[in-house]
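All chains should be built: construct the whole structure from the sequences, respecting the hints.
For the protein sequence lines, the chains are A and B, in the order given.
The numbering used here numbers the first residue of the first sequence as 1 and each following residue consecutively.
The numbering used here numbers the first residue of the second sequence as 1 and each following residue consecutively.
In short, the hints are calculated from the structure, not lab data.
Hints are supplied without guarantee of correctness; some may be wrong.
What the hints assert, rightly or not - Below, in silico cross-link-like pairs of lysine-lysine (DSS-like), each with a Cα-Cα straight-line distance of 27 angstroms or less:
{"no.": "1", "chain 1": "B", "residue 1": "Lys65", "chain 2": "B", "residue 2": "Lys43"}
{"no.": "2", "chain 1": "B", "residue 1": "Lys65", "chain 2": "B", "residue 2": "Lys76"}
{"no.": "3", "chain 1": "B", "residue 1": "Lys13", "chain 2": "B", "residue 2": "Lys43"}
{"no.": "4", "chain 1": "A", "residue 1": "Lys42", "chain 2": "B", "residue 2": "Lys76"}
{"no.": "5", "chain 1": "A", "residue 1": "Lys39", "chain 2": "B", "residue 2": "Lys43"}
{"no.": "6", "chain 1": "A", "residue 1": "Lys45", "chain 2": "B", "residue 2": "Lys76"}
{"no.": "7", "chain 1": "B", "residue 1": "Lys43", "chain 2": "A", "residue 2": "Lys42"}
{"no.": "8", "chain 1": "B", "residue 1": "Lys43", "chain 2": "A", "residue 2": "Lys45"}
{"no.": "9", "chain 1": "B", "residue 1": "Lys43", "chain 2": "A", "residue 2": "Lys107"}
{"no.": "10", "chain 1": "B", "residue 1": "Lys65", "chain 2": "B", "residue 2": "Lys13"}
{"no.": "11", "chain 1": "A", "residue 1": "Lys42", "chain 2": "A", "residue 2": "Lys107"}
{"no.": "12", "chain 1": "A", "residue 1": "Lys45", "chain 2": "A", "residue 2": "Lys107"}
{"no.": "13", "chain 1": "A", "residue 1": "Lys107", "chain 2": "A", "residue 2": "Lys39"}
Claimed, not checked - The following residues of chain B were derived to be distant from chain A, with all beta-carbon distances above 12 angstroms:
{"no.": "14", "residue": "Ser7"}
{"no.": "15", "residue": "Gly9"}
{"no.": "16", "residue": "Lys13"}
{"no.": "17", "residue": "Ser17"}
{"no.": "18", "residue": "Arg19"}
{"no.": "19", "residue": "Ser25"}
{"no.": "20", "residue": "Arg26"}
{"no.": "21", "residue": "Ser55"}
{"no.": "22", "residue": "Ser71"}
{"no.": "23", "residue": "Asn74"}
{"no.": "24", "residue": "Ser85"}
{"no.": "25", "residue": "Gly87"}
{"no.": "26", "residue": "Glu89"}
{"no.": "27", "residue": "Val119"}
{"no.": "28", "residue": "Ser120"}
{"no.": "29", "residue": "Ser121"}
Ideal placement from N, C-alpha and C gives every residue a C-beta, glycine not left out.
Read off the chains here:
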Amino acid sequence: DIQMTQSPSSLSASVGDRVTITCRASQSLSSYLNWYQHKPGKAPKFLIYGASTLQSGVPSRFSGSGSGTDYTLTISSLQPDDFATYYCQQTYSTPLTFGGGTRVEIK
Amino acid sequence: EVQLVESGGGLVKPGGSLRLSCAASRFIFSNYNMNWVRQAPGKGLEWVSSISSTSTYIFYADSVKGRFTISRDNAKNSLYLQMNSLGAEDTAVYYCARVGYSGYGDYFDYWGQGTLVTVSS
Chain A
1 DIQMTQSPSS LSASVGDRVT ITCRASQSLS SYLNWYQHKP GKAPKFLIYG ASTLQSGVPS
61 RFSGSGSGTD YTLTISSLQP DDFATYYCQQ TYSTPLTFGG GTRVEIK
Chain B
1 EVQLVESGGG LVKPGGSLRL SCAASRFIFS NYNMNWVRQA PGKGLEWVSS ISSTSTYIFY
61 ADSVKGRFTI SRDNAKNSLY LQMNSLGAED TAVYYCARVG YSGYGDYFDY WGQGTLVTVS
121 S
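Okay, here's the thing in structure tokens:
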């Protein structure tokens, strides 16, 4: 099984800050990497697929990059609506696995 | 917009069974692969099971294999998860999710709000 390790597990940031979240896989994913945003009590929201392609309707302040085993999600200027937990997910092979999540909190 | 509504959660005793349902609307359900994903209290997301559009391909996480059964009824636009031999470790919010596909594999583009399953005596 492919293990997904996210870092940090949590961070505190202010509105307007640039935020970067890292996801490392135990083997190469060939960019089969997605990102999701999850708020308590809500349905998870799909943000990015193929490591770097934004889903339609996702604000351009979100971006993804990476290749091989290392990937990043960047929020260029954090907005109040962005405080949430973010998960990476590999779909290179079954079982599909998620990272442990990164909670983005208000500083 | 796409709508997915889970139901069937509740309190069940250890060793018991429960059947979750996911009602799909506003898209052609029979064209899409579907998944179940769960989140235990204070934990992250865990993929549970996948089913292809025609039920030809089915996959399970090791943690539920042999105990859970995924199925679908395309005529009723519904996805199901039969859960047997439940244990405390199965306590979680269960989400159904629709699968989209790109040149870089699947992604879960729409999710339901979830249904809570609590396993406790």
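Which numbered hints fail: none
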